[in-house]
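Q: Numbering that gives the first Met the number 0 puts the first residue of the sequence shown at 0, with every later residue one more than the last.
Since the hints were made in silico from the structure, they are not lab data. Backbone N, C-alpha and C define an ideal beta-carbon position, used for all residues, glycine too. Take these hints with a grain of salt, some might be off.
[To be verified] The list that follows gives simulated cross-link-like pairs (lysine-lysine, DSBU-like), each with its CA atoms no further than 30 Å apart: (1) K136 to K151; (2) K108 to K17; (3) K17 to K168; (4) K136 to K108; (5) K132 to K151; (6) K108 to K132; (7) K108 to K151; (8) K17 to K136; (9) K136 to K168; (10) K132 to K168; (11) K151 to K168.
[Claimed, not checked] With beta-carbon atoms standing in for the labels, derived distance ranges: (12) V29 to S55: 33 to 43 Å; (13) D114 to E37: 11 to 21 Å; (14) R93 to R69: 27 to 37 Å; (15) D40 to L112: 11 to 21 Å; (16) D61 to Y34: 18 to 28 Å; (17) K17 to F95: 20 to 30 Å; (18) R111 to E62: 18 to 28 Å; (19) I32 to G79: 36 to 46 Å; (20) E62 to Y34: 18 to 28 Å; (21) R3 to D43: 41 to 51 Å; (22) Y34 to E65: 43 to 53 Å; (23) E164 to D114: 16 to 26 Å.
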Amino acid sequence: MDYRLSIGSNLPREELGKLLHDMLCEVLFVELINYEAEVRDRSDAQQVSIGCTYFSLSIDLDEEEEYLERFREMNLEDHGVDTNVRISIQFITRLFDIGYLKFFELFGKMLRLNDLDMLVENHSSYPLMKRIKGCLKINTHSDEYQTSYLDKEDLALLNYPYLEEDFFKNSEYRK
Numbered sequence: 000m001d002y003r004l005s006i007g008s009n010l011p012r013e014e015l016g017k018l019l020h021d022m023l024c025e026v027l028f029v030e031l032i033n034y035e036a037e038v039r040d041r042s043d044a045q046q047v048s049i050g051c052t053y054f055s056l057s058i059d060l061d062e063e064e065e066y067l068e069r070f071r072e073m074n075l076e077d078h079g080v081d082t083n084v085r086i087s088i089q090f091i092t093r094l095f096d097i098g099y100l101k102f103f104e105l106f107g108k109m110l111r112l113n114d115l116d117m118l119v120e121n122h123s124s125y126p127l128m129k130r131i132k133g134c135l136k137i138n139t140h141s142d143e144y145q146t147s148y149l150d151k152e153d154l155a156l157l158n159y160p161y162l163e164e165d166f167f168k169n170s171e172y173r174k
């Protein structure tokens with residue numbers, strides 16, 4: 000299952016990758032000690048690629064500035080977020096329920112890094128969460144399938160305050 004995390008970052012993408020690796024090791028600390036999980040860094044000159052037992056994260060280092068600028072403008076227009084880094088997330092399907100919770104913990108750590116904008120979209124580019132100007136908002140649009148993984152227990156793993164909002168309240172979006 001593919002997800003996308005778009006973030007605003009002042010760090011070079013390679014440095015951001017190292018930071019994500021360290022944060023993932025913190026999230027999986029107990030599992031790593033008990034040999035229940037592993038974290039791998041398969042980065043090279045073309046991409047930052049970090050994998051763990053439950054999912055992988057990748058940042059393309061070869062993306063042209065023009066493409067990144069179009070992507071930034073699209074996110075700004077469609078979602079109101081100003082992001083400059085696109086991170087692909089590939090969940091291991093059979094471990095999705097565990098991996099999704101571990102991703103919430105990782106995302107919570109990322110939220111505390113800075114106050115820049117962020118956006119989490121699922122495999123169908125449906126926005127689940129976004130942070131605008133330091134305020135995290137959770138999509139409450141009444142599409143049960145899309146928001147079924149946004150219950151209060153899971154959101155508590157973020158350890159970050161949030162507001163609930165119907166992202167499509169004033170739009171033409173159809174279920």
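Q: Which constraints among the numbered hints does this structure fail? Numbers only, ascending.
A: 3, 12, 13, 16, 20 and 21
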